[in-house]
Amino acid sequence: MNTDDRKSILICDDEEGVRESLRLILGADYSLSFAANGSEALNYLKKHNADLVIMDIKMPLKNGLEALKELHNQKPNLKVIMITGYQSVETAREASRYGILDYITKPFESAVVKEAVKKAI
Amino acid sequence: MNLINWILPIPPAVILFFATFIFVKNRKSSINVSYSIALYSVGFWALTHCLFNLNNVFYLDVQLLKCAYFVPTFIPLTFYIFVRAFCKDWPIGRIRIILMSLPIAIFYFLYFYTDFMIKDVVYIGGEKIFVYGRLNFLFDLYFFTMFFFSFSRLFSAYRVSEGRLKLQIKYITLGTFISVLLAGVGNLILPEFFNNFQFVKFGTMLSLPMFLFITYSIFAHNLMDIRIVVRKTAIYSILATVITAAYFILIYVMEGFFRGFVGYKSIPWTLSVIVVFTLIFQPLKNMVQDFVDTYFFKGSLLHEYEKAQDELKRSERLKAVGTLAAGMAHEIKNPLTGIKTFTEYLGSHYTDPSFIEKFQKIVGSEVTKINDIVQQLLDFSKPKPLKLEQSDIHILIDNTLSFLSNDFVKYNIKLTKNYDSTLPLLHIDPNQIKQVFLNLFLNSIDAMKTTGGTLTITTKLQDNNAYITIQDTGTGISKNDLEHVFDPFYSTKDHGTGLGMSIVYGIIKEHKGDITVSSEAGKGARFRVKLVIGK
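Sequences listed follow chains A and B, in order. Each residue of the first sequence is one higher than the one before, counting from 30 in the working numbering. Each residue of the second sequence is one higher than the one before, counting from 175 in the working numbering.
Simulated from the structure, these hints should not be mistaken for lab results. Each residue gets a CB set at the ideal place from its N, CA and C atoms; glycine is no exception. A few of these clues could be false.
Incomplete in silico selection of chain A near chain B, CB under 8 Å [said to hold, decoys possible]:
1. GLY46
2. VAL47
3. GLU49
4. SER50
5. ILE54
6. GLY56
7. LYS75
8. GLY128
9. ASP131
10. LYS135
11. PHE137
Modelling step: build the complete structure from the supplied sequences, incorporating the hints.
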């Protein structure tokens with residue numbers, strides 16, 4: 030549960046390096062929570078709210094697209110930014126059906142991430 | 175009875191047999207159905223033709239001849255329907271065929287019932303001579319117009335198609351065109367100008383080569399081996415023409431010669447000459463084959479087939495490179511993200527001990543990850559040389575399984591082993607083969623992780639090869655994924671590099687062995703490894 034006034038972001042990525050990078054970039058300005066796969070993210074969002082979700086596409090157990098689909102059904106107004114190492118046209122098309130706000134490609138610039146998040150919330 | 179009358183029943187018998195065979199073989203395929211109907215048209219035409227020639231009852235001659243011209247009305251129509259089915263223009267229903275055929279049938283029935291097409295049959299010198307009506311050109315016009323439409327459709331389909339389909343269309347067109355041209359000219363055009371032109375008797379023979387070889391291609395449809403079908407269509411079409419002409423000349427010349435020379439008992443002599451002629455069939459066939467290859471196709475047939483195969487391989491390779499690039503991008507960009515961000519923040523955070531601790535941990539592990547990926551890629555692209563030694567495959571399998579015993583318990587996977595005790599020692603690289611089994615077992619475990627299941631390992635000695643089958647009852651592989659199982663970086667999993675199965679494939683191929691996979695989504699997968707026995 031967030032006790033501060035900062036906007037909350039759920040970061041969902043199976044790579045510790047990516048999670049820690051986003052913590053470094055966004056940790057000072059936002060209240061962050063973390064999930065290592067799609068299922069964890071869905072469980073977290075059942076109990077908590079988040080102003081924004083930053084989600085990787087390729088993850089174990091439940092990948093980003095599957096989680097995104099379920100999230101979209103549960104919370105159609107939830108804001109989501111996808112992060113991906115390799116963006117294919119099919120993935121982009123599929124993801125755009127579930128109302129994602131933006132794409133960030135790995136390895137990302139901190140300024141690009143900050144800008145995308147600022148625009149989203 | 176004239177010798178030709180013995181030959182005449184052959185085409186209807188052969189064609190009607192094939193028509194029935196194709197129809198029974200796959201009644202659900204519109205291509206088979208439409209083609210068998212086209213074949214029936216040709217078969218019944220040949221039958222009426224045969225009956226007309228064999229008939230000795232004078233007053234039936236005209237009726238039978240009218241039938242012999244009425245029945246082929248359906249040939250161009252049914253061929254057109256076959257072409258549309260082949261080009262997948264519309265699904266062919268039997269009702270649609272009947273609806274299309276009925277008006278044409280009624281029109282031509284009335285047309286033939288009158289004297290406009292066939293007027294009479296007269297006997298001149300013991301030969302039946304047709305007397306055509308004033309409007310017989312209407313039939314010729316219809317015949318060639320319908321074939322023109324069929325060939326136009328095939329031509330336009332040829333222009334937009336690619337690869338194997340293009341070749342199929344090209345050679346179906348070629349095979350049919352030769353027969354239609356010969357049969358059309360022999361049966362329709364020449365009799366127009368020469369009323370006593372006897373070649374019409376052989377007309378039904380000309381349909382045989384085309385239908386025999388397109389029939390063969392239908393069995394193989396998808397499947398048809400263009401090189402053989404096409405070359406043979408061309409060769410046999412030419413050969414049939416040459417032989418028919420040669421028989422024609424032989425019979426008439428020999429009959430005349432022997433009749434004058436030895437009196438009326440000429441048939442045995444003519445038969446003897448034909449036996450000699452038959453004996454030279456094989457050399458004649460070879461000559462025609464060489465001629466067709468050298469001058470007609472100028473070797474292009476094989477070349478084109480190989481070119482199409484090469485194109486296919488090239489596009490498959492490009493697809494594999496694409497998958498490889500995408501896989502590499504994803505696998506390397508992940509660790510690069512950590513490295514990039516932490517180095518970006520190093521300048522402003524180097525005095526923060528907790529940052530430095532994380533920096534060392536994250537950057538260190540990300541560099542190791544990249545190194546592992548590069549190493550795997552190197553192993554994949556340049557496999558280590560084989561260190562072959564006589565090894566017991568069962569011991570290797572058991573050793574590999576023992577690494578994974580915890581996983582079997584953890585994921586509730588039952589193990590069944592059916593080892594063939596007659597299997598001799600194999601001349602293989604034990605370490606690399608262990609890696610093959612490790613990857614295959616890991617794959618099976620992954621597929622059964624959530625539900626549990628049974629992993630069955632079967633070994634078998636067969637035809638001097640060792641076969642090792644690994645079957646699981648897991649999630650299986652979808653049809654789409656099945657053909658990419660061994661592609662590098664092709665992975666349906668959310669973890670791993672997607673290199674495992676391509677490494678397996680590489681190792682087995684290095685051993686001059688083979689690996690195949692069969693599966694259905696939801697019904698488990700079955701990998702079959704073939705290893706050659708002996709040095």
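Okay, the hints, checked on the actual structure:
1. GLY46: holds, 3 Å
2. VAL47: holds, 5 Å
3. GLU49: holds, 5 Å
4. SER50: holds, 3 Å
5. ILE54: holds, 6 Å
6. GLY56: violated, 11 Å
7. LYS75: Constraint on LYS75(A) not satisfied, violated at 21 Å.
8. GLY128: violated, 23 Å
9. ASP131: violated, 16 Å
10. LYS135: holds, 4 Å
11. PHE137: holds, 6 Å
Hints 6, 7, 8 and 9, counting from the list given before, are not met by this structure.
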